[in-house]
Structure formats: C-alpha cells, structure tokens
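**Student:** Protein chains in written order, with UniProt numbering: chain A, 1 to 253; chain R, 1 to 293; chain L, 1 to 278; chain F, 1 to 358; chain P, 1 to 259.
Honestly, the hints are just simulated from the structure, not real lab data. Check the hints yourself; a few may be wrong.
Derived DSBU-like pairs: lysine-lysine, alpha-carbon spacing no greater than 35 Å straight-line [stated by the list, open to error]:
id, chain 1, residue 1, chain 2, residue 2
1, L, Lys108, R, Lys53
2, P, Lys253, A, Lys253
3, P, Lys249, P, Lys159
4, A, Lys208, A, Lys197
5, L, Lys105, L, Lys243
6, R, Lys17, P, Lys115
7, P, Lys136, R, Lys53
8, L, Lys48, L, Lys105
9, P, Lys249, P, Lys180
10, R, Lys53, P, Lys252
11, P, Lys60, A, Lys253
12, F, Lys134, L, Lys82
13, A, Lys253, P, Lys240
14, R, Lys53, P, Lys180
15, P, Lys115, F, Lys134
16, A, Lys253, P, Lys136
17, P, Lys240, R, Lys53
Label pairs and their computed distance ranges (CB to CB) [as the list claims (entries may be wrong)]:
id, chain 1, residue 1, chain 2, residue 2, range
18, P, Leu32, A, Trp252, 23 to 31 Å
19, F, Pro289, P, Pro122, 48 to 56 Å
20, P, Lys136, A, Asp193, 43 to 51 Å
21, A, Ile170, P, Leu32, 55 to 63 Å
22, F, Gly345, P, Gln120, 53 to 61 Å
23, P, Pro122, F, Arg322, 46 to 54 Å
24, F, Val230, L, Gln29, 30 to 38 Å
25, A, Lys197, P, Ile41, 33 to 41 Å
26, P, Pro122, L, Gly17, 51 to 59 Å
27, A, Ala188, P, Asn135, 32 to 40 Å
Away from chain R, derived, C-beta distances all over 10 Å, residues of chain L [as the list claims (entries may be wrong)]:
id, residue
28, Val15
29, Gly17
30, Arg19
31, Tyr41
32, Lys48
33, Thr54
34, Pro59
35, Val91
36, Phe95
37, Gly104
38, Leu142
39, Gln198
40, Glu247
In this text, a Cβ means the ideal position worked out from N, Cα and C, and glycines have one as well.
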Amino acid sequence: MTASTLPEAALGVLPRADGSAKYSHAGYTVTASVNGPIEAQRRDEHPYEAHVDVIVRPAAGVGGTRERHLESILQSSLTQIILVKNFPRSLIQVVLQVEDTPENDYVNTKLVQASLNFAIMPALFQTSVLALLSAGVPMRATAAATAVAVVPEDGAKKIVVDPSPRQIEIAQSVHVLAFTSQEELLLAESEGDFTVKEWDDVYETAQKICCRPASTKEGMEMVLDEEDAGGPDMRHFLRSTLESKVTADLHWK
Amino acid sequence: MPREAEPSLNEREFVLKALQENTRLDGRELDQYRPLELTFGDQYGVADVTLGKTRVLAKASAEVTVPYTDRPLDGIFNIATELSPMTSPAFEVNRPTETEVLISRLLEKTVRRSGALDTESLCLVAGQKCWSIRVDVHVLSHDGNLIDAACFAVVAALRHFRKPDTSMEGGVLTVYTPAEREPVPLSWLHSPFCITWSFFGEEGEIALLDATWLEEQVRVGSCTISLNKHGEICQIAKLGGTPVEAVALLQCTNVALSRAKDFSAFLDRKLAEDAKRRDKGGLLAELSAENDR
Amino acid sequence: MPLDTSTYSLGLLRVDGRRWNELRRIHAQIRTQAAADGSSYLEMGHTKVMCVVTGPTEPGPRRGGNVGSAGGAGAASGGQHKDAEVLVNIVIAGFSSVDRKRRGKGDKRTLEMQSTVANALAASLHIHLFPHSQITISLHVLSQDGSLLAALINAATLACVDAGIPMTDYVAACTAGSTSTYAANDESADPLLDLNHQEEQELPGLTVATLGETDRVAVLVCESRVQVSRLEGMLAVGVDGCKQVREILDRVVREKGRKMIQEGTVERGTGLNDMDVD
Amino acid sequence: MPITILPPKSSRPIPSRRADPEDVPSDSDSDTSSQAGGADLDGDIPMITTANKSSPKYDSNTGIVTPGELITSDPQWMRGHGTYIPLGTKDITSSVAGTITRTNKLISVRPLRARYTPEVGDLVVGRIVEVQAKRWRVDVGSTQLASLPLSAINLPGGILRKRTETDELQIRTFFAEGDLLVAEVQQLFQDGGASLHTRSLKYGKLRNGVFVAVTGMGGGGGVVRSRRQVWTMDAANGAGQIDVVLGVNGYVWISKHVETPAEVENKTMGITNMEENVSATMYSSQNDPIDSDTMREIVRLRGVVTALVENSLRVDEDMVVRGYQEAVEMALLSSKGPEDVYLGGERGQQLAAALTGV
Amino acid sequence: MATERPLVLPGDVIPPSLIPTSANPNKKQQPLRLGPGLRHIPPSDIVPTVAGQLITVPHKNSMWVEYNSSRYTPTPSDLVIATISRSGPDFYYASLSPYTANATLPHLSFEGATKKTRPQLPPGSLVYARVTLANKHMDPEIECVSSATGKADGLGPLKDGMVFDISLGFARRLLMARSKEEGKVEVLELLGEEGLAFETAVGRNGKVWVSGASDAKGNEGVNAKTVVVVGRALQETDTKRLGVEQQRKLVKKLVREMR
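Looking at chain A on its own, in the form it has when it is part of the complex:
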C-alpha cells in the first residue's frame, strides 16, 4: 500500500468484451470492459462523433454522487483522447468495476461515502486507457494519471504520490493530474487548500511520473530504470504491458 509498489496489469481478462483490462496499484484493483463502437441509444446519439459512456461501479454498495462525479471527469478526459469523430452516431462504453480499495486499518469504513475520492482516480484512469488499447479503439494518444497529496509533516509540507487513505485524511490538498503521451495536460482536479507554488510542485511531480522524458528521446526503445525517485514510470509501464499483449496477439508473425 505504499507508493513504491509497482503497478500490475493484465489485458483481455474478460473474454466476451471487446476489450478489457485489470489493473492494480497502490491497493486499488479495478477491472474495466470496453465495448464499442456500438449502436448508441437515441438520447446519446451525436451526429458527428461517438458518445463515450463511462460507468464506475463501487466494490460494495450502490454507486452514488461520488461515482457520478468520477464518471463525468473520466468521460470528458477520455473523449479527448479517443478519436470520437471516426465513429459518428455510435457509442463507446467503458465500464469500470472497482474490486479492491486499500483499507484504513484504523477506521471502520462506512459503505456509502459522500466525500470525493481522488486517490482512486489514477487506477480508474489507467484501467480505462488499457482497456481501450486492448479493444483497439483508435486514439489520438495514450495517457496516464496520477494522484498527488500535499501532506503536512513535522511542520513542513511534503508532496506524496499515490497517497494512502490515511495520508489523504491528514492531507491539506489532494490533486489528480493526467497527461497524454504527448505531454499535454489532460486533466487537473484539486481539492483542499494550496498555494500556487504548491500546485506548481504538484504539477512537476505528476508530470515526471506520467511522462518520463527518457522514452520520448529514444523513440521506440525501452528504458527500464525503475528506481527513480517519486514513483512509478507510467509511460514505460503502459508500453511494456502493451508490448506483451501485441506480441502474444501477433505470435504468428
């Protein structure tokens, strides 16, 4: 449950969906299915682009406003990276099933929580992107997200990547940022009190995680230096996951 654990992912875990992925990192496990492009319902139909439908389902209890909020954030970000104009009048459906969330051993959790939960965002985001890639849905670019908290520690403020539930509890502010593989900022949501300086630090930390410059420099080549400060290298992670999938798919080549 510490930030240093490496993410794990598997693609094509659901045999009947067009694309699927299971992803676990920092105590969160999420399974996603992608179906599409399929026929959209009349009310979702858009004459020039595909409608991206995101559904987030909690592990226990019924989804509430918290899930609706996460869905709307994901929906707008994914619409940006999917080439929606390629599939007018259709629907691309992403269903995210949360399987596991890190438990706070010091509190007995309530089933329905109204508070926002930014810490789960990176897991949801990564799973959706992996499932979309597994389904072969055409995209403008890949993307990765990360959660960063500003936690007071011994009077000073410390920036924590992938905070645990306990750290979120004491954090002054929590941020979620996502970057595309072209290093564009795709998503930034913040909660709590923070200064512009703090936000800049957060931004830098997140960017370092989501788009390690090494991989762009060397083109297709893989660089595997895991032990860099600040957390996992999401871009490498995506690439290596996909590589194994593609190699397996095209074993006959």
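For this one, chain A is given, so just place chains R, L, F and P on it according to the hints.
**Tutor:** Coordinates of chains R, L, F and P only, in the frame set by chain A:
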C-alpha cells in the same frame, strides 16, 4: 439500449441437433460443469468465481446500523445483484431486466430465506444496533449459468468474510478496528448451492447442466434446484417453460444433490487453502491469542 | 402462531378440517367481463383472483416492442417476433391480506410471479399462430389465503380459454406440502394437498402446474427448506391435485358452453356420430 | 390469520360428470391410518398414467370440446382451425373450447368466443390507427391490424384514376388517425393479417352517427355473418331514415341516412357531376346537420344493439329491426314517452324477453 | 528491407527512417499508402491510432499497424457472415456484429434474383456476403452477388451448419491466400488430412461457418460431431494462440476424442 443479438436459425438448429446426438459444442458431457475456479481476494470476503467464460465477483461487507423496527432482534442481510453493462451492453444501469430480477430472487431464496446466515447473531443491541451484512454480486463476464456461479460466489464470499470484532461492557458497545482486534467470521449455518438444469427438445426431454449463453438462448425451459450437502432442498424454481416429465425432475434433483456435495467439498478445500496461505508463520494464532486477553 | 402439528397426527384432520388429499372448494367462472377478449374469476378456498385477457393484438405504434420489463415469455420475446409475446401484469390489492402490505410496481416477488405465469402459459398457448402480436394477461388478487401462484395460473388459463386462444391443453396448478418440517427427517410425515396460508407459513410446500392430464410439469416452485426425500411424495400429490383441478376447470368451461348452446347464442356443433358415416 | 374453517365437504361443488369414484377425494380411504393415506408413497410412485387419454370423451349432448380433448384418431380426417395434432400421434385434438364443425373431411373447432378472424369478402367497420407512407393500418378487432393500401381506395376526381405521388403526400387528407371507415376484406396474408379495400361507393369514411363495439365473432352475442349487413330503415317518432352497418368484426355503425351520390345522381344530375360530388363529400370529416329526432332514434337503436349483446342474443338485421320496433313500443308505454331511450338493465331484459318470446 | 516491426502506441512519433517514401527515392511517383491503425495529420505527420506492430512494405510503398481486436468495423470488399434480422420492402436488414446498426442487403442482390425468384430469408438466416459500402456516416451495405459478373462466386444463403466466433485477426489469417505460410494456420488442412469432410466460410467480421459436407458415400446431412470438432479446433487455435506444431497436436487430440 442495444438489443441482445439472437442466435441465428442455423445455430439454433445445430445446437439442438448436436444435443440429440449427445454432443455439446465445447465437447462436454451433458451433466458436466465447465472448470470451476475460485480465488479469494487479499481482503476478507471477496470471491472471484469463473465457470468457463462466465465470471462473477462477490464482495461481502459489513457496517453497524439500526435494525428494522419489526425485527429488533435480527441483523440485516442483503444480497445486491445489479447487472452492469459490463455483463452485456444490453443491460442498462438502474433498469432491472427480467434476468436480473430472477437471479436476485433465486439468490435471496437460496441463501437468505433458507437461513444460511444466522441473522440473530448479527444483533448487537436489541432494537438499537445491529450488523448489516451486504453482498454485492458483480457479473464481469456472462457466458451462461450466471445463477450457479453467482450463488457459489455469494456463499464463498460470506464464508470467507470476517466482520470487525465487538464487545459490550457496561452498556457501551465497542467496535474494534482491524488494527485493534482480528475480525471474526460470520455465524454460518449451512451452505446451499444452486444447480441449474436446462431443457431442450419439443418435450424438454434433453436435460443438461451448466448451459453456456448460446445454450441458454436456445433452451425451452430451465429448473434451478438449490441444495446443501445435508440433502436439504432450499428452493426449486422451474418458472414455466416447456413442461417436463415429473419423474425426470426427480432424477434431476438427485443428480443436483451430488453436485451440491461436490461444490461443498470444493469450497471447504479452497477455504482451508486460503486460511493456510494467510496464516504464514502462525501469525493468526498469535493474533487470536492477543484477542483473548 | 405455530401450527400444532400434533393435532394432525391424532385426527388426521388439518386446521380447516380437510384430510391430507382434499382440495379446498374451487369456484370459477369465465366470461366475467363483457368488454374483455377473455376473462375469469377464480376462488381456491379464500384465495380470490380475477383475470382479464386482451389479445392477441398487434401492439400499437406508440408502445413499441418491450412494454413491461418483466413477463415477456423468454422464447417469445426478442427481436425476431416470430411468435406472440405473452405479457402478464399482476396487481395485488392492498386489502387482499391481513397485514395490508403495500407492494410497489418493482416488487421482485410479483415480478417473479408475472414471469412464471407468462412462461407457463406461453409454453401451452399456440403463440406461433400469432406473429408480431401480444397477449396481455392482467391478474388482480382480491384475497389471499395460500396457493396464490397456483390460483393465478388457473385463472389465467381459464381466461385464455375464454378468449379462444388456441392452446395445447389446460395448465392447471395446485400446491402440495408435507407435515414434517425440514429439521425433522420424519419418516411418517404425510404429504398434504392444497395448502392454505397458515399451512404455507408453517410447513414446507411447493407449487406445481402440469399440462393437461399428463405428468409433465410446467411450473415447480419450492420456496421452503425440505429434505430431498420429501420431494417425491409432495410432487406426486401435487401432480395428482393438478389433474383434479384440471377436471374442475374443464367442467366450468363445458358448463358455460352448454349454457350458451341452450340459449342459442352458439350453434350446436356437428356430432361425432354424424361424422362416422361418410 | 385470514382463516375461516370450512366444514369438511366435497371439494367438488359440481357433480362429477364422469362417475369415477377415484376422482372424488373425500370418498377415498377416509379413516384409515396415515400409512394408508399416503399409500402411494410406498416404493414406486405411480405417477398416475393418464387413464383414458385415447378414448374420446366427446360430449354429444352439447357438441362442446375443450382444449386438449381428443376429437378423433381416425386418419381419414384432416385437421382445421382450432385443432392440433400432438407430437408423435395422429390424434386430432382440440386447442380451443368450442363446437366442432366439419367441411367434407376437414374438422375444425369454432371457439365459443374469439377475436375476429378476417375472411375474404367480409364487410368490416374499422378505425385508422396508423398512417404510413403508402397505406393505413386499421384496427378491425382482429389479432393484427389490417392494412388499407392507398391503391385500394377510391381517389377523388375519378374512380379509376391512377394514384400519384401527390396522393401519397396528402395521404392524411383521405383518412387520418382515428377516422372510422367501412371496408371489405380483399386479401389475407399468411401470417393472419388482412388487407382491405374501399373501392365501391358502399364503402368509405363514416360520419353522421355513432360507433358501437360488440364482441367479435362467435357466440355470447355478436354480429353474425349474414346476407345483409348494411341496411337503411325508417325510424319512428318523426325521425329521418337511419343507416345501420353491422361490421362482421363486431363493430357497428349507426348513422343518419344521407343519400349516396349514386342515388342523388339518379334523381338530379348527370354522370359527369357525380365525380365532383364524390370528391366533395367522400373524405369529409364534417358531420351534416342532424335533427334532434333522428339523433334520439339513433341513440335508441344503439341501445337496442347493446341490449341484444348484454342478453347474449345474436345481432343481425332481423333482431335489430324487431328489437327497434319493440323498443319504440316500450317507450310509448313509458311515462316519459318517446323521449325514454334507456334500454339498459331490466328494460334490456324485458326487450330480450319480448324478442325471444320467453 | 525493414524486417523490424516496432511496437507503436497511439500518438507515438514514427521516426522518419521508418516511413517508406523517404527510403525509396526512386519510387517517388507512387503515393504512400496508409493501412489500418494510422492517420495522417497534414502536412506530414503519420501517427498511429492503435497499439500494435508497425509494418512497412517499402516495395509497395505502404505501411499499417498490425493488431488484433474483436469489434468489427466494416470495410468495402470484406467478406462477412451476416445474420438476417428482418426484411423490409426492398431490403433485408442484416447484423454483422452484435449491438451495432444493421447492414442493408437489397432483396435483388442474389444471383439470378428477380422480384419473384429472390430467396425468401426468414429472420435468423445466415448469408455469406461482401461489403459494398462502408462509411462512418451511413449504415453499411452488403451484397450476395458480384455486381460486375452477376455471379454469386460462393456468396449467398448458408444452409445448416454452425457459426463459431473467432477474433478478427484470426479471421484475417484464415482468409489469407496462403494462410498456411503467411498466417501460420494449418488447422483446417490438418483436420482434412484426418479424413473429416466439412466445408467452411470465413467472415472478416470474426465468424466462421462450418458445415459437414456430404461424404463420398453420399451420406447427406450434417455430422454434428465433425462440425463441433472443427469449430473447437478453430476456436482453441485462436484463443490459445497455438503455433503450427501445437495445432497439429490439438487436431490429433480432438480427432481421437471424437472417435
């Protein structure tokens, strides 16, 4: 909502014709289940069941709440089955389909009404505080026979589940966090399992177990029998469909009983394996000893 | 209020004075609603049910394919619409039972019964004769005293006969129980026919519906815990009860037909004997 | 508990038709031990093999058969409507409750009551339910909507005119949703649907009257196929003539008699003017002025039809005309005089009694 | 020759060295052809849109991304297996893949079809057809007759038999002219060598139709067991990603089980 695609006439005819020759598309015997797999999560009360391409995840959870006024001495126990579009794009959020209602009723009758969980043991303070146990059933992939898989997952999740320990001292109720005291298992009375027969042919004369989705679309009727290993029927549901000879139904029940015993033994084994895995270095024993103090 | 089962073993009489194999009084009528395509009213003891059948009709342009989410007969509904769709709607009146429980539209027990009645009748009705149409069965429960599902199935069958919808045979239903509870593996336990509400609460039981005079079971619903060994006896008694119920339903229909012929509203049929010549 | 304890009595309120002692449960082993009571539980359960499935129990008194009843296993017969042959047998079995009819070697069962089944040549009254590009969908009380193609109606401006695209575009000016019409069944489709036509001046849009729906074909009171389904009758009490249209499908139309173009033409105009006249009135939805006397008598006729139905009498020209005369006389005897048009309840029974002579 | 097949992800920058035009200056007159999975962003960027292996064929001056998926997007001249869902006044409406809009198949688009002689296909019938029109703004159109020759060329209604779902990549491999060499699928030949008599039709929409052919002795009708074995062999080869040697083993095993 896009409609569920129906099998073509060729598929319907072929499935039936093959069954008349005692052949199933995946080469199974008529009374043979697909390989059943069960994995428990890192947390207590998470059971992931796969049956061929069907995959169901059940998660049990507990919270302290107020009991219903008409049953002050009972805890609350609910099974939630909502089929998400992950199961199939034909399912819509918040609009229960007939399939969903029937699955939910079957699980309710099999597990809840048969008294598998002792709800009285969930009572903490009569009329004021009790445990509410909830099982969420998530169907991740649907390739037929959801009912048997879901029922197995629910029973497995509940037997694996641990709820926080509590104590009553001087009228003060304390609920211990997992860090303070190791959680305790539920008071479980018996383990019922669903076994679903599907019928084919003009007079429902061909019966088979564990139908795939295609077989389910072609069948003319089905009968779900819930039993525990003690030979007690918890529920039978043949809800219409082509009429089947009464004698054949009795035979189906007898076969179902032996399957239920198999399931029961399989689950016991898996639970034991999991307990062993968690108990590395006798940590559990140490913790429970701590609890005793 | 536990049922004193000991009294049974003494006099072999049940709480309402019946013996083990006796049905309660069944009273039934058909053609109770002049405006409907088919209608019926049925009492099984104090369980009272009314049924109205509309159809087969083509669904109007506004309503489109699937109206009610439940009740569409599995094989019948769906995209290809080769067969008529059987839709069932059950309304349980608030005053029908003592505890006056209000059941909403989404009540799962009611939805399950709707689906059961629809699927049971769809298997007997010749729905293939009516492509792209709908048969709507509306059931109203006026009073409940056990064997509700059986009464619903019987009432629906009668109303469909009244509507003149071709069918293979009557679908007749009744309940059966056992005098031993699940806990006791009591060898001397007797099966019981046609449970009332009190017996249904206290004893294990099941609902059976069979097709015509055969032993073929269309519906088998058991909602209580019972030893497997009890099943055979209960099922045998239930199937036999269904045959008795079928006789009674058949007589109701014949009686009505005879009356209509006497009144001259229907022409007399050709006698079989006349046919034997030729 | 909602329990009333009934005295033990026979579960059969109606005496058994077949004198089969085993059928009456109260007769069987009344006071034997529970062992005997559960006798059929010992060992093999005789799942009661159907005793006499093969022997016909056809009731020759009434001629009624019910669903699942064997009619004959003689292979010389062919099965018609209302029957089926169970799998693996040659038995012609009834699938409805009704009376057996036969046409040569064809056996069919006419249901006691059923929805209207269209036959070619039937005169029907219908209501437009849906307007499509080239046809209307008409409710005729059958299992499916009938269709009325644009090509099967008389178009304004000449009976034999070819239809044009303009006609398609203004299809609603001929018939719109809710309009009533009288038509003839022209053709039947395999799936039970029917197509109609109104290519005769007898047929077309209905106005100036009231609509009554009685139950469809078969018994229980209803319209029967007869020689004359449409007639004009003189009304009493100073009213004008009244048209009655008895659709075979059980839909009835009673309206003020308006001289048809053909009649008008015979009297006054030449043939050329007739076509203009057709265009002017044929598809009008506007009622002509109707005087109150005629309205009253239309209502009385409507009462006669419903009274016939309520009292399970057949509805045909003879019954309606006689019923009307009877009703007029009944009204004269009434305290309110001719204004009394009520024919429900007891008055309806009185009317029925007078007609049947019972 | 670029034998290298680099992995590309959506949005990756393709090094200019891999783009064929620049590599073959003497063939400048031939325009660069982009296959599936690539898009051209004017003026000169070529960007992958899916994850897969980038394949470049310099002598044809073309490049594409090779990947596998399971959702079919209709492309003109693809052979597909379609299920008739209903019939309109002039067209059949046929489903190519679940949950997508129906394709239209004109009633007269069959060999020798006239208004009177056209095949009457009830809902649920299968046809082997060719995609004639595929456009993201319109529902696809298919035909069962070559509009040029008026001949069916094997297209038309599929009677009896069974349809098995396979991945799109596997369908493409089966349809390759030299599927054994290029696609590394031998399973059908192997089954044939084992003496099984059957016919197949492969649809690019991820469906294979298998029917037991009437054998030499003139035994008509479908042998369900043969069809099941062929179907299972195909599906297992696909899902378990079997190589040629493993296919051989699988076929041996299935045939032995059957007999």
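**Student:** Would you mind marking each hint as holding or not holding in the structure?
**Tutor:** Results for each hint:
1. L/Lys108 / R/Lys53: The hint holds at about 28 Å.
2. P/Lys253 / A/Lys253: 25 Å, holds
3. P/Lys249 / P/Lys159: OK: P/Lys249 and P/Lys159 at ~31 Å, within 35 Å.
4. A/Lys208 / A/Lys197: Holds, because 17 Å separates the two Cα atoms, which is no more than 35 Å.
5. L/Lys105 / L/Lys243: 33 Å, holds
6. R/Lys17 / P/Lys115: Since the Cα atoms of R/Lys17 and P/Lys115 sit roughly 34 Å apart, the hinted pair holds (cutoff 35 Å).
7. P/Lys136 / R/Lys53: 32 Å, holds
8. L/Lys48 / L/Lys105: 20 Å, holds
9. P/Lys249 / P/Lys180: 16 Å, holds
10. R/Lys53 / P/Lys252: This hinted pair holds, its Cα atoms lying about 25 Å apart.
11. P/Lys60 / A/Lys253: Status holds; Cα separation ~19 Å.
12. F/Lys134 / L/Lys82: Holds: F/Lys134 and L/Lys82 sit about 24 Å apart, inside 35 Å.
13. A/Lys253 / P/Lys240: The hint holds at about 15 Å.
14. R/Lys53 / P/Lys180: 29 Å, holds
15. P/Lys115 / F/Lys134: 19 Å, holds
16. A/Lys253 / P/Lys136: 30 Å, holds
17. P/Lys240 / R/Lys53: Given that 35 Å is the threshold and the Cα spacing comes to 14 Å, the pair holds.
18. P/Leu32 / A/Trp252: 23 to 31 Å: 26 Å, holds
19. F/Pro289 / P/Pro122: 48 to 56 Å: Holds - the Cβ-Cβ distance for F/Pro289 and P/Pro122, about 55 Å, lies within 48 to 56 Å.
20. P/Lys136 / A/Asp193: 43 to 51 Å: Holds: the Cβ-Cβ distance is about 47 Å, inside 43 to 51 Å.
21. A/Ile170 / P/Leu32: 55 to 63 Å: The hint (55 to 63 Å, Cβ to Cβ) holds, given that A/Ile170 and P/Leu32 are roughly 57 Å apart.
22. F/Gly345 / P/Gln120: 53 to 61 Å: Holds: the Cβ-Cβ distance is about 56 Å, inside 53 to 61 Å.
23. P/Pro122 / F/Arg322: 46 to 54 Å: Since P/Pro122 and F/Arg322 have Cβ atoms about 52 Å apart, the given range 46 to 54 Å holds.
24. F/Val230 / L/Gln29: 30 to 38 Å: With Cβ atoms ~36 Å apart, the hint holds.
25. A/Lys197 / P/Ile41: 33 to 41 Å: 37 Å, holds
26. P/Pro122 / L/Gly17: 51 to 59 Å: Holds, since P/Pro122 and L/Gly17 (Cβ atoms, about 58 Å apart) stay within the stated range.
27. A/Ala188 / P/Asn135: 32 to 40 Å: 38 Å, holds
28. Val15: 23 Å, holds
29. Gly17: Fine: 29 Å to the nearest Cβ keeps L/Gly17 off the interface.
30. Arg19: It holds; L/Arg19 is separated from chain R by about 23 Å at its closest Cβ, greater than 10 Å.
31. Tyr41: Nearest chain R Cβ is 23 Å from L/Tyr41, so the label holds.
32. Lys48: 23 Å, holds
33. Thr54: Its Cβ never comes within 10 Å of chain R, the nearest being 20 Å, so this holds.
34. Pro59: 16 Å, holds
35. Val91: 17 Å, holds
36. Phe95: For L/Phe95, whose nearest Cβ neighbour in chain R is about 20 Å away, the distance exceeds 10 Å, so it holds.
37. Gly104: Holds, since 13 Å exceeds 10 Å.
38. Leu142: 24 Å, holds
39. Gln198: Nearest chain R Cβ is 18 Å from L/Gln198, so the label holds.
40. Glu247: 18 Å, holds
Going down the numbered hints, you'll see the structure goes against none, and every one checks out.
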